[in-house]
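Novice: In case you want the letters, here they are:
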Amino acid sequence: MSILTTLQLLPLIGAIVVAVLPVGNAKLIKQTALGFSLLVTAVSLFMAFSFKTDETALQFTETRSWISAFNINYSVGIDGMALALILMTTILVPIVFLAGWNESENGRWSVKVFYILLLILETMMIGVFAATDVFLFYVIFEAMLLPVYFLIGGYGVGERAAAAMKFLLYSLFGGLLMLAALIGLYVISTNQGGGTFDIAKLSELTIDSATQNWLFLGFFIAFAIKAPLWPLHTWLPTAAKSATAGTSTLLLGVLDKVGTYGMIRFCMNFFPEATKTFTPAIITLAVISILYGAFLAIGQKEINSLIAFTSISHFGFITLGIFALTSQGLTGAIFYMVNHGFSTAALFLTAGWMIKRRGSSNIADFGGLQRVTPVLAWSFFLAGMSALALPGLSSFISEFLVLVGSFAKYPVAAILGTTGIILAALYVLIVVQRSLHGETPETNKGILDLNLREKIAIAPVIAVLVVLGFYPKPVLNAINPTTQTIMTHAGVSDPIAKVAK
Amino acid sequence: MTTSTNLVYLIALPLFSAALLLLLGRIADKWGHIFATLISGSVFVIGVAEFFAMQDRDGEARAATQKVFEWISVGTFQVDASLLLDQLSICFVLLISGVGTLIHIYSIAYMSHDHDRRRFFAYLNLFIAAMLLLVLGDSYLNLYVGWEGVGLASYLLIGFWNQKPEYATAAKKAFVANRVGDLGLSLAIMIAFTQFGTVTFAGVKEGASGASAGALTAIGAMLLLAAAGKSAQFPLQSWLGDAMAGPTPVSALIHAATMVTAGVYLITRSNFIFDASPTAQLMVVTVGAITLLFGALIGTAKDDIKKALAASTMSQIGYMILATGLGPVGYAFAIMHLLTHGFFKAGMFLGAGSVMHGMSDEVNMRRYGAIGKVMPITAATFGLGYLAILGVPPFAGFYSKDKIIETAFNAGGIEGILLGGATLLGAAITAFYMTRVIVLTFTGTKRWDENAHPHESPLLMWAPMAILAIGSVTSGFLLNSGSALVNWLQPVVNERHEHHAEEFLPPLVVSTMALVVVAIGIAFAILKYRTVSVIAPTDVSIFTKAARKDLYQDSFNEAVLMRPGQKLTAGLVTTDYKVIDGLVRSVGWIIQTTSSALRSIQNGYVRSYALIMVLGVLTLVTAIWMVTL
Amino acid sequence: MDIANYIYLSVLLFTIGAIGVVIRRNAIVVFMCIELMLNAANLAFVTFSRVHGNLSGQVASFFTMVVAACEVVVGLAIIVTIYRSRRSASVDDASLLKR
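Chains as they are written, first to last, in my numbering: chain A, 39 to 539; chain B, 37 to 665; chain C, 40 to 138.
Because the hints were derived from the structure by calculation, they are not lab data. Please read these numbers as outputs of a predicted model, since none were measured by experiment. Keep in mind that the hints are not guaranteed to be accurate.
Taking CB as the label site, the calculated pair distances span [what the hints assert, rightly or not]:
#	chain 1	residue 1	chain 2	residue 2	range
1	B	LEU634	A	SER247	40 to 46 Å
2	B	LEU634	C	TYR122	30 to 36 Å
3	A	LYS394	B	TYR45	40 to 46 Å
4	A	LYS394	B	VAL576	53 to 59 Å
5	B	ALA85	A	ALA319	56 to 62 Å
6	B	VAL653	C	VAL98	22 to 28 Å
7	B	PRO527	A	ALA501	55 to 61 Å
8	A	ALA501	B	LEU454	30 to 36 Å
9	A	ALA319	B	ALA659	27 to 33 Å
10	A	ALA319	B	ILE660	54 to 60 Å
11	B	GLY601	A	LEU243	47 to 53 Å
We put the CB at the ideal spot given by N, CA and C, even for glycine.
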């Protein structure tokens, strides 16, 4: 059994163990769930250390027959990109548990259900990045919606039911298109000597360009909804506004990455011709997303939807990097996915604490927090700095790589994207000023600073941002082979500098 | 090129200290300021040691590098965390750590009553680390990290008292204006990478000779934009005045002596780009000339002593930028003026801080007067700085500023006359507003607030001022004797030793002209400010009104950028809700309406169900019948 | 006698039954109309059995009669129960499915 399967099973076992624990003992349930998630982190770290960065082939592969009639297999395996995303997931989950220790208590259902849902979600999040069978990927891709649906609808705030429904319907719509494209792909593979859902085999198919375009769109729209690209983004702010901080973290930090991951893994891999056809349009959408997300973030009055819009802007950057199809752009985009996970986690978690303490999520209700809660204020500030890609933090490296990578091929898009850094400064500093600076109003004077548990939760996130900002080499080394494989498959090479050295 | 192993400590020490003081929190309150000062002092000691080590090496071996670690490596984009200490960066290292340490010492006393003194010192150390990284990085990207790092430190320090909303706003404004400049630097790096395949200074220098004029001009223009943001040059100058919200030592260190001169460093460092692109040079001198007059004009009308000095800083940096645009001859003079300015302007800011300290934080010069008698040391050190900025021989400014005026005239043709004229005019206005500051503050009659009890500042404060004053007196002479600085910088800025373009005017004439206009400026100021009213007169010329409003720079920015931006944002928010999400919601609405319409058929009456069944069967039968026909 | 007349009669009876179901409110009458429709169908079955010369139609009509008998039992029971609880045999009063 591959270590990947172990990694997927562990949270599931955790969920089963939690399920048999007594409902009343909330503390035990939380501790068990946290224990299992930490175990998962440990195993995934072990896996990362035994990962060979000099190999381009998939590692830790395992294949078992699942539905043999359609040649569907349970097959898993990872490359550097998947490894980076899985590590991000397994590190974020215990942090989310720890940070939102009490956020499950005001839900529609019990604490127990909350943790079962989260652990199941973790299994799926690992599985979706590990799957090397498109059908398996699709099943997890759709099944992941359910725990999130219940997490938003059952444990959120405000109009949680409506938000959950909007999220579900949007995603299902995308999933449906993807399913259609998937079946089409299967039929084509059947006609070309044996139906298969294996990613490697599917990427070797020869598909005529008209079909490619349709199938590409089917996949792409599903992914563009997931990693919200303008104009398919409106579910995100609604969901972020209603979900708990932990759910939002996993939703934006991990689940949405499946979208950008899918664009690289499927859209580019299966349909190189169509990718070229649609690239100009997608680059345009990406640039619109960057600027549009930033402008809307500036205009938000509610802190969670502000973070959601900053993410739309950041997903624009990621998409820009992916479709620039240069090694800097692509590596930058993949690294961006990891950094955005941590950066958004820091933002949502700190914002979540602020909201919980103040009892309101309106930015106008905050103010002067720096004086009363210095640690919380600093954490939020650093998270904001990461969102505006301050050099020294990891998000800077990825953002710069994306821009420098796209500049060579699409200078106009890169220049427009770069203006996003000014807007980023605005949206971050405005919220920082309104919430942390200024005279502390009477209502905020009693707000408590972070306790030890919360400090332990936020510290690793900030540490990752800082360490990777100074020393991104390990992650970049893991990602680089993936990038090279993709570029070789797509048959493109980096633009050469105009003045030879 | 020598390999060194010590350079990293220049940055690591203050960075470590900053992190330590911030992480320890209140535990470090008792010793934080002393620790930070010691760290800054030890950085200075390392700097001096490196300087002497450099003196021992000759020619090519003088510059030292250190590769700390491999930073980013993606495809052909290879950037190491490497440091480069050459003749140019050592000037900055000494200035930053030297003036920095003096200001640390000064701040121990100046901030002694502040609850958050430790945090202040942590920020100062953070600034030192970032600024040293800025001048020591061996590639544009390393420089960029320091570039934004100083921006962050500046933001934190301007907003040090951010419980006051206007201070927080000033900090934000500075950061955003700087970000506009950073946009330029980012784009310059991107263009450089696509052109040369590398972003190290050495690599770009090598490639610059083979690049197209358009590319070089584009890089030059973007670098100029970056410099304008950081150095408060036209059109991004508006943040500097507001930045005076920070504690006065910060204004002295960051917003006078070091950070704001980073733009001059950037252009001097990129001399190979600008030397190859006359268009970019023309832009540089234009920006410099506009700013030097712009700043000087604002300086004439400010009643806030710090804002008057800030305007002066802007104007003096305008001189430096102008000098860097004058080609190989100008760089050394720009750096010389930068160094002398570092001494006299920091000294004057500290003097202003000393006055404020004695006058319970009063900044309005109309409330000062006759302070020279109660604060003799402050007045004396300030006075020496004043003589230096005016360019009176043999004070520092005489050597550095006159050289710039001279070089400007020598640029030749109409350009030379225009630039030379601008610098001369600037010198006259400088004399006017600086004399105004002196007259309003130190001489004349007392116009103090009833509660003011001015007193001389403690030793910890006046000692740094005195050292800076000595620098203001001697630095120009020392740097210029035997063209010391020019020769020192020659390997970096490539100044050829053969005699350059013929002189437009002999140096003596230029100096005489400069002194005459300065005398006129002084005379005007003394005459005009024989009597001073406590309340600023309102019946003033439109020029004064404009200068008081910073020549409408803020109004312009608000009208052209801010308000349309706010409208755009508000419009987009509405559009997003009404149009994009509206479309999505209308899909839901259509489904809902349709289904509720269909629901009315389900009325519960068996008879109507039966009727529908009959009709259905009839339709079906008819359909089948028609098809089989 | 023309065999088509049986079919006409069957159609007529069926139509009368169908109209009765739709327009009458009394449950008993509706019920009887349904019986009428069933018998119309039976008549058609028997007629076609005659036409084709085999017994399948007759079997079907017997089958229908059995079903009708069962239906009467269940249907009358329901009607009686509804009458007991609501004091009415009108089908419109029993529009409970709507809610």
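Novice: Hint numbers the structure violates, sorted upward?
Specialist: When the structure is compared with the hints, numbers 7, 8, 9 and 10 turn out to be violated.
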